[in-house]
Amino acid sequence: MIKKVKVFSKEWNEMVDPDSKIFLSVDADRRLVEYLDSKDLDVILMYSEGIMEKGVSNHPDMFLCRIGYNDINGNAIIYKAEPGDFMNVEKPCKYPDDVMFNAVCTSEYFIHNLNYTDPGLLERVRGVWTVDMIGCRQGYTKCSTVVVDSRSLITADQGIAAACSKAEDLDVLLVQEGHVALEGYDTGFIGGASGRVGDEIIFNGDLSAHPDFQKIKDFIEERGLECKWFPEYPLTDIGTIM
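In the UniProt record's numbering, the protein residues as written are 1 to 242.
Check the hints yourself; a few may be wrong.
Label pairs and their calculated CB-CB ranges [to be verified]:
no., residue 1, residue 2, range
1, Glu222, Pro119, 35 to 43 angstroms
2, Gly224, Pro96, 33 to 41 angstroms
3, Arg31, Glu221, 20 to 28 angstroms
4, Glu222, Glu14, 40 to 48 angstroms
5, Ile2, Ser165, 37 to 45 angstroms
6, Asp218, Glu108, 18 to 26 angstroms
7, Gln158, Gln214, 17 to 25 angstroms
8, Gly120, Gly178, 28 to 36 angstroms
9, Gln176, Glu11, 37 to 45 angstroms
10, Ser9, Gln158, 32 to 40 angstroms
11, Asp17, Gln176, 33 to 41 angstroms
In silico DSS-like cross-links for lysine-lysine, where the CA-CA straight-line distance does not exceed 25 angstroms [said to hold, decoys possible]:
no., residue 1, residue 2
12, Lys215, Lys166
13, Lys94, Lys54
14, Lys39, Lys6
15, Lys6, Lys94
16, Lys39, Lys21
17, Lys54, Lys6
18, Lys91, Lys10
19, Lys80, Lys94
20, Lys80, Lys39
21, Lys80, Lys91
22, Lys3, Lys80
23, Lys4, Lys21
24, Lys54, Lys10
25, Lys6, Lys91
26, Lys4, Lys54
FYI, nobody ran anything at the bench for these hints, they're computed from the structure. Heads up, the beta-carbon is just placed ideally off N, CA and C, and yes, glycines get one too.
Start from the sequences, fold in the hints, and give me the full structure.
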């Protein structure tokens, strides 16, 4: 089922069981949307007005944080922004006010610029699991990171990779920057162009055009997962397949 929902609308605020849904930008390519719909998933096409800058105004990772990841057991919780979270900041939001929810959270690690994390999100994370907190300079942490599993990440951000290297059992594949489209910006982020759904890491566009394609594909498949991409259109940042 596919449904369009506006951020902070009555439907958004009263949404039941968000953990079981897949959140996508309303700007996502129809081929990705149709692929997810074919899996009998509840797909929420989300959009906002006047809260974020135009290029990222419909991006899930600006308003949501998935605590855990979409593994085959569905063991994840969606933490959802509320209207009051942006009440006292200038609109459209600019850095760092726009990164409050843009964190990576597996079942073992929480990675973000902890100076800017939403306090309610931190409280919720600590109430679910005992996780190691990893601080980094990059506020757009989820945008920048492909979450493969609880101990495996892909990023083009050297600061994130360096911060994560301090955790002995966290594997990080560092790839080349760029090669991801984002309308209105010089480049997008690979994390924002991807997401895990079940046993697949899905990329929004042609991953095979990325110079580190084979490394990325091998890294994913070595962990028993499948890599899905769409060669018909460019690899594009849509704010994560959440």
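Each hint tested on the structure:
1. Glu222 - Pro119: 35 to 43 angstroms: holds (37 angstroms)
2. Gly224 - Pro96: 33 to 41 angstroms: holds (37 angstroms)
3. Arg31 - Glu221: 20 to 28 angstroms: holds (22 angstroms)
4. Glu222 - Glu14: 40 to 48 angstroms: Check passed, 42 angstroms falls within 40 to 48 angstroms.
5. Ile2 - Ser165: 37 to 45 angstroms: holds (40 angstroms)
6. Asp218 - Glu108: 18 to 26 angstroms: With a Cβ separation near 23 angstroms, Asp218 and Glu108 satisfy 18 to 26 angstroms, so the hint holds.
7. Gln158 - Gln214: 17 to 25 angstroms: At roughly 21 angstroms between Cβ atoms, Gln214 and Gln158 fall inside 17 to 25 angstroms, so the hint holds.
8. Gly120 - Gly178: 28 to 36 angstroms: holds (34 angstroms)
9. Gln176 - Glu11: 37 to 45 angstroms: holds (40 angstroms)
10. Ser9 - Gln158: 32 to 40 angstroms: Holds, at about 39 angstroms.
11. Asp17 - Gln176: 33 to 41 angstroms: Because 39 angstroms falls inside the window, the suggested range holds.
12. Lys215 - Lys166: holds (22 angstroms)
13. Lys94 - Lys54: holds (11 angstroms)
14. Lys39 - Lys6: With Cα atoms ~23 angstroms apart, Lys39 and Lys6 stay inside 25 angstroms; holds.
15. Lys6 - Lys94: Satisfied, since the Cα-Cα distance of roughly 20 angstroms is no more than 25 angstroms.
16. Lys39 - Lys21: holds (12 angstroms)
17. Lys54 - Lys6: holds (15 angstroms)
18. Lys91 - Lys10: holds (20 angstroms)
19. Lys80 - Lys94: With a Cα-Cα distance of about 19 angstroms, the restraint between Lys80 and Lys94 holds, given a limit of 25 angstroms.
20. Lys80 - Lys39: holds (24 angstroms)
21. Lys80 - Lys91: holds (19 angstroms)
22. Lys3 - Lys80: holds (17 angstroms)
23. Lys4 - Lys21: holds (12 angstroms)
24. Lys54 - Lys10: holds (22 angstroms)
25. Lys6 - Lys91: holds (17 angstroms)
26. Lys4 - Lys54: holds (18 angstroms)
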